[in-house]
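Quick note on UniProt numbering: the sequence shown kicks off at 1 and runs consecutively.
If you are wondering where the hints come from, they were derived from the structure by calculation, not from laboratory data. Each hint should be verified, as a subset may be incorrect.
[What the hints assert, rightly or not] Mimicking DSSO-like on lysine-lysine, the simulated pairs with C-alpha atoms at most 27 Å apart in a straight line are:
1. K362 with K257
2. K132 with K166
3. K166 with K387
4. K362 with K387
[Claimed, not checked] Taking CB as the label site, the calculated pair distances span:
5. E299 with K262: 26 to 36 Å
6. H389 with L420: 41 to 51 Å
7. S432 with Q385: 44 to 54 Å
8. R295 with S396: 39 to 49 Å
9. S372 with L208: 14 to 24 Å
10. P388 with N305: 29 to 39 Å
11. H389 with P296: 38 to 48 Å
12. D209 with E268: 12 to 22 Å
Owing to the predicted nature of the structure, the values given are computational and were not obtained by experimental measurement. From the three backbone atoms N, C-alpha and C, an ideal C-beta is built for every residue, glycine too.
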Amino acid sequence: MGHPPSIQSSYAPTVMSSPSLASANTPVASTSFAVPSTVSLTSCDPTSFGPDFLIPAHSTTQSFERSVPALDKCSSSQGVSAGRSDSSASRSKSPSQLCAVCGDNAACQHYGVRTCEGCKGFFKRTVQKGSKYVCLADRSCPVDKRRRNRCQFCRFQKCLSVGMVKEVVRTDSLKGRRGRLPSKPKCSQEASNSPPVSLITSLVRAHLDTSPEIANYDYSMNGNESNHQASAHSTEVQADHVHQFFALLTSCIDVIKVWAEKIPGFSELCKEDQDLLIQSACLEIFVIRFAYRIRPEDEKFIFDNGVVLHSSQCKPSFGPWHGAIIEFAHSLHSMDIDLSAFACLVALTLITERHGLRDPQKVELLQMKIISSLRDHVTYNPEAQRKPHYFSRLLSKLPELRSLSIQGLQRIFYLKVEDLAPAPPLLEAIFSSSLPF
Numbered sequence: 001m002g003h004p005p006s007i008q009s010s011y012a013p014t015v016m017s018s019p020s021l022a023s024a025n026t027p028v029a030s031t032s033f034a035v036p037s038t039v040s041l042t043s044c045d046p047t048s049f050g051p052d053f054l055i056p057a058h059s060t061t062q063s064f065e066r067s068v069p070a071l072d073k074c075s076s077s078q079g080v081s082a083g084r085s086d087s088s089a090s091r092s093k094s095p096s097q098l099c100a101v102c103g104d105n106a107a108c109q110h111y112g113v114r115t116c117e118g119c120k121g122f123f124k125r126t127v128q129k130g131s132k133y134v135c136l137a138d139r140s141c142p143v144d145k146r147r148r149n150r151c152q153f154c155r156f157q158k159c160l161s162v163g164m165v166k167e168v169v170r171t172d173s174l175k176g177r178r179g180r181l182p183s184k185p186k187c188s189q190e191a192s193n194s195p196p197v198s199l200i201t202s203l204v205r206a207h208l209d210t211s212p213e214i215a216n217y218d219y220s221m222n223g224n225e226s227n228h229q230a231s232a233h234s235t236e237v238q239a240d241h242v243h244q245f246f247a248l249l250t251s252c253i254d255v256i257k258v259w260a261e262k263i264p265g266f267s268e269l270c271k272e273d274q275d276l277l278i279q280s281a282c283l284e285i286f287v288i289r290f291a292y293r294i295r296p297e298d299e300k301f302i303f304d305n306g307v308v309l310h311s312s313q314c315k316p317s318f319g320p321w322h323g324a325i326i327e328f329a330h331s332l333h334s335m336d337i338d339l340s341a342f343a344c345l346v347a348l349t350l351i352t353e354r355h356g357l358r359d360p361q362k363v364e365l366l367q368m369k370i371i372s373s374l375r376d377h378v379t380y381n382p383e384a385q386r387k388p389h390y391f392s393r394l395l396s397k398l399p400e401l402r403s404l405s406i407q408g409l410q411r412i413f414y415l416k417v418e419d420l421a422p423a424p425p426l427l428e429a430i431f432s433s434s435l436p437f
C-alpha cells in the first residue's frame, strides 16, 4: 500500500516530534497528525470524528495507546488542554475514591479513612514523631491537592476532623511489616470498619474532653496518711469525710452527664430514657473512670473534677467500697487496656438494657453499634491483636461494674442511716430509683 491520501481535517498535519511516539516501535509516516492529548483512539469509534478523519493504514492503535492517555469519553468537536484533562479525570472520580483530606486520588483506607498516600504518610510521621505545628494564619487554611503542604497545622487538624485515628498508627516496633499482608484484603478490611472507627474517635474524644488535665489537678485537699488515720475516729471528722464523699460523688456525676451528651446517638434518645440510663449507670461509670486513673505505683485518687486525694483520705467515707474499687483498678491495669477500647467499654456501661426504658430497641441499636466498633478495633488493631481473648475479657468487666455499683448503693444507704451528713438531692434520686434491696 502507498501513503494514505491527503486528509482534510481540523487537526493540522505536522511532523511527529513527540518523544513518546518517536520511541514506539511502530513506524509512522513522515506526514502525521497532531492528536490532542485528551483523545483516546483506543476507546473511540474513528467514524465519530466524521468521514474525513482517517487513520493511516500502517499506524496501529497500539502505538497511540502507549502515547496518548485514555479518557472515559472523547470529544469530536474540539481539543482539550492537558490541564482540563486532569480536572476532567478528577471530576469523573467518585467522591468515595478521593482522599478525604485533600481530594487527591485514594486507593484504599488508612487509619480509618480513605486517604491518599501523601496524607497517610504525613499523618503517620506526625503521630510517630509527636510533631507540633503552628498555623501562621487563622487556623482555617484551605487543604486541597494543590495547597496541602502550605500549612501543616491545618492539614493535621483536617486529618483528625475527617476521622483519622492516632491510636491506630503503628509503633516503632511494628514498622516494616507492610509487606507481610496483601494490600487488597487489607483495603477491604479497613473499608468494612470505617464507620466503627469514626464512632471510636468520637468516644475517645468524649472521654478526653471530660477527663481532668494534669495541669489542672487540685491538690488543695490532699494530705499525708498519718494525719488522716490519727483523726479518723473523731465524729466531726467523720462527718466531714461523709460530706466530702457526697460532694465528690455529686461533682463526678455532673461530669458524667456532660460526657454522656457527647456520645453519638445518645441525644437522639428520648429524655426519659437518657435520664434513666444515667441514673442507672452513674455509679458504674464513676467506678470505671475513677479506677482507670488509679495507678498501682502510688496511692493517689484522682476524681473527675480534678480533685486529688490520698487513698487513706477516702477510706473512712468509702468504707468497704474503697478496697473493692482498688482491686478492680488493679485488674483493669493488668489488662493494659488501650484508650480506644476503654472509651468503648465506658460507653457500653451506659448504653445497655435497663428496666423501664421507653424505647429499648433504639438503645439496643446504639449498643450494637458500639459493640461492633469495639470488636473491629480488637480485630484490626495491632496492639489489641497481641492480647489473647481481649474482646471477651473487656466485656467481662461489665458484670463486675454492676456488682461494684451495688456496693456503692449499699455504702450510700449505710451513710444515710448513720445520718452524719445529709445526702444531696441528686444522690437521693439515684438511691431511690436504683436501690436493688
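Take a quick look at whether K362 and K387 sit within 27 Å of each other, Cα to Cα. violated, 32 Å
Do R295 and S396 keep their Cβ atoms within the hinted range of 39 to 49 Å? Because 22 Å falls outside the window, the suggested range is violated.
S372 paired with L208, Cβ distance criterion 14 to 24 Å: Between S372 and L208, where Cβ atoms are some 22 Å apart, the hint holds.
Taking the Cβ atom of H389 and the Cβ atom of P296, is their distance within the range 38 to 48 Å? violated, 22 Å
Taking 27 Å as the top limit, are the C-alpha atoms of K132 and K166 close enough? holds, 14 Å
Range first: 41 to 51 Å. Now tell me if the beta carbons of H389 and L420 are that far apart. Given range 41 to 51 Å: holds, Cβ gap about 45 Å.
Check the hint pairing K166 with K387 against an upper bound of 27 Å on the C-alpha distance. holds, 20 Å
Verdict for E299, K262 (Cβ pair) under range 26 to 36 Å: Cβ of E299 to Cβ of K262: about 31 Å, so the range 26 to 36 Å holds.
Regarding D209 and E268, is the given constraint of 12 to 22 Å on their beta-carbon distance met? Since D209 and E268 have Cβ atoms about 19 Å apart, the given range 12 to 22 Å holds.
Against the 27 Å threshold, does the CA-CA distance of K362 and K257 hold or violate the hint? Roughly 19 Å between the alpha carbons, so the hint for K362 and K257 holds.
I want to verify a distance hint. Is the separation of the beta carbons of P388 and N305 within 29 to 39 Å? holds, 37 Å
Honestly, do S432 and Q385 meet the 44 to 54 Å range at C-beta? Roughly 45 Å apart at Cβ, these two residues keep to the hinted range, so it holds.
Hint compliance for this structure: hints 4, 8 and 11 are not met, and every other hint is.
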